[in-house]
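For the protein sequence lines, the chains are B and D, in the order given.
Just so you know, we're using my numbering here: the first sequence kicks off at 1 and counts up by one.
Just so you know, we're using my numbering here: the second sequence kicks off at 1 and counts up by one.
Since the hints were made in silico from the structure, they are not lab data.
Computed from a prediction, not measured in an experiment: that's the story for all the values here.
Every residue gets a Cβ at the ideal spot worked out from N, C-alpha and C, and that includes glycine.
Some, not all, of what chain B presents toward chain D, calculated at C-beta under 10 Å:
hint, residue
1, Lys8
2, Gly20
3, Glu38
4, Ala155
In the DMTMM-like style, the derived pairs of lysine to aspartate or glutamate whose C-alpha atoms are separated by at most 25 Å in a straight line are:
hint, chain 1, residue 1, chain 2, residue 2
5, B, Lys29, D, Glu57
6, B, Lys29, D, Glu137
7, B, Lys5, D, Asp20
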Amino acid sequence: MPEPKLRKLVTIVEDVFHEGGPVRDTPLKRGAVLAVIENPFAGRYEADIAGFMTDLEPLGLDMARRLIDALGGEAGAIEGYGKGAIVGQGGELEHGALWHVPGGYAMRGALGEAKAIVPSTKKVGGPGTRLDVPVTHINASYVRSHFDAMEVGVADAPRANELVLALVMTTGARIHARIGGLKAEDVKGEDGLR
Amino acid sequence: MKARIRKLTVFVEETRREMDRPVDPPTRKAAAVAVIRNPFAGRYVEDLSELIEIGAELGGLLGRRCVEALGIAPQAAESYGKAAMVGEDGELERGAVDKGAALVPSSKKRGGPGQVLDIPLGHKDAAYVRSHFDGMEVWLNDSPRADEIMVAVAVTDSGRPLPRIGGLTVSEVQGKDGLR
Numbered sequence: 001m002p003e004p005k006l007r008k009l010v011t012i013v014e015d016v017f018h019e020g021g022p023v024r025d026t027p028l029k030r031g032a033v034l035a036v037i038e039n040p041f042a043g044r045y046e047a048d049i050a051g052f053m054t055d056l057e058p059l060g061l062d063m064a065r066r067l068i069d070a071l072g073g074e075a076g077a078i079e080g081y082g083k084g085a086i087v088g089q090g091g092e093l094e095h096g097a098l099w100h101v102p103g104g105y106a107m108r109g110a111l112g113e114a115k116a117i118v119p120s121t122k123k124v125g126g127p128g129t130r131l132d133v134p135v136t137h138i139n140a141s142y143v144r145s146h147f148d149a150m151e152v153g154v155a156d157a158p159r160a161n162e163l164v165l166a167l168v169m170t171t172g173a174r175i176h177a178r179i180g181g182l183k184a185e186d187v188k189g190e191d192g193l194r
Numbered sequence: 001m002k003a004r005i006r007k008l009t010v011f012v013e014e015t016r017r018e019m020d021r022p023v024d025p026p027t028r029k030a031a032a033v034a035v036i037r038n039p040f041a042g043r044y045v046e047d048l049s050e051l052i053e054i055g056a057e058l059g060g061l062l063g064r065r066c067v068e069a070l071g072i073a074p075q076a077a078e079s080y081g082k083a084a085m086v087g088e089d090g091e092l093e094r095g096a097v098d099k100g101a102a103l104v105p106s107s108k109k110r111g112g113p114g115q116v117l118d119i120p121l122g123h124k125d126a127a128y129v130r131s132h133f134d135g136m137e138v139w140l141n142d143s144p145r146a147d148e149i150m151v152a153v154a155v156t157d158s159g160r161p162l163p164r165i166g167g168l169t170v171s172e173v174q175g176k177d178g179l180r
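The whole structure should be built from the sequences, with the hints applied where relevant.
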């Protein structure tokens, strides 16, 4: 399988200082990296697609490193993550599912010992389609303060024969998190859940 | 800083291929967007000078954020633009107050959370450079709320990918009148 053909890379970084409550000196950061690549399976049904997951690994790692850099360069500062894909109309949902394994591999490769499953979502859509990428704590999925999401999208992608692949990371809890539940400091970090 | 920024978002877009042809070096655009409270939301106010000061401050900050995100020296910027979107309880005139002396192409509108704002782009030394007529779309799903204003600046280090419609080129720029 060929190397992914990359048309465009988009980086989005949000600094959130407040949302009507106390103003933070150090903002919560949420970031996303989106890669627009050609979908090698667009326009036909292809039975054997799984090999493309391996081809996506180097791109995924590059995206994860870019994202950490965009968020300040410290892998240790990353507390939440998520991933997603948007499949252009010439493809099928299953093509977006190809991102699950390499996307997760990329996050763990760049962040080290992250324990929790990387929450994810995907859909088929046209240019400008937005995707709400779910975000949870990197070591324990039940950390309630870190349940979050980031909306991403690219104005001119995906074209019919393209895939938009997304990685999202955050540096902390929601800006005014106060609904209880498992706290980040109480994480045991054994099973990826609590 | 006079402005109380709720949120500051930076977008960077790098195009490496277009119509299956390589774009080398890639074209790159950045946009920085600040969300601030509209001090005049919900009423008519004659004197908008408070916002004029905030606009001047934010213009500088957002321009710097774009240049930093592109990782370039300020003089390496090739084109720029600006735009503003006023939340539903605001008045369009307040979107216009961040204008400086230089001709920076601009647009503004009133809108709600998640609405797209298109920032026009033009060459920073000569508005007629055709390869740099462009735009960049930004949006924030939670902004502008009714009492907010979104202020945006875009900066590039390049023109469109694969420009080929003629007109004034970068190499022909005289850079005296801001037009040619």
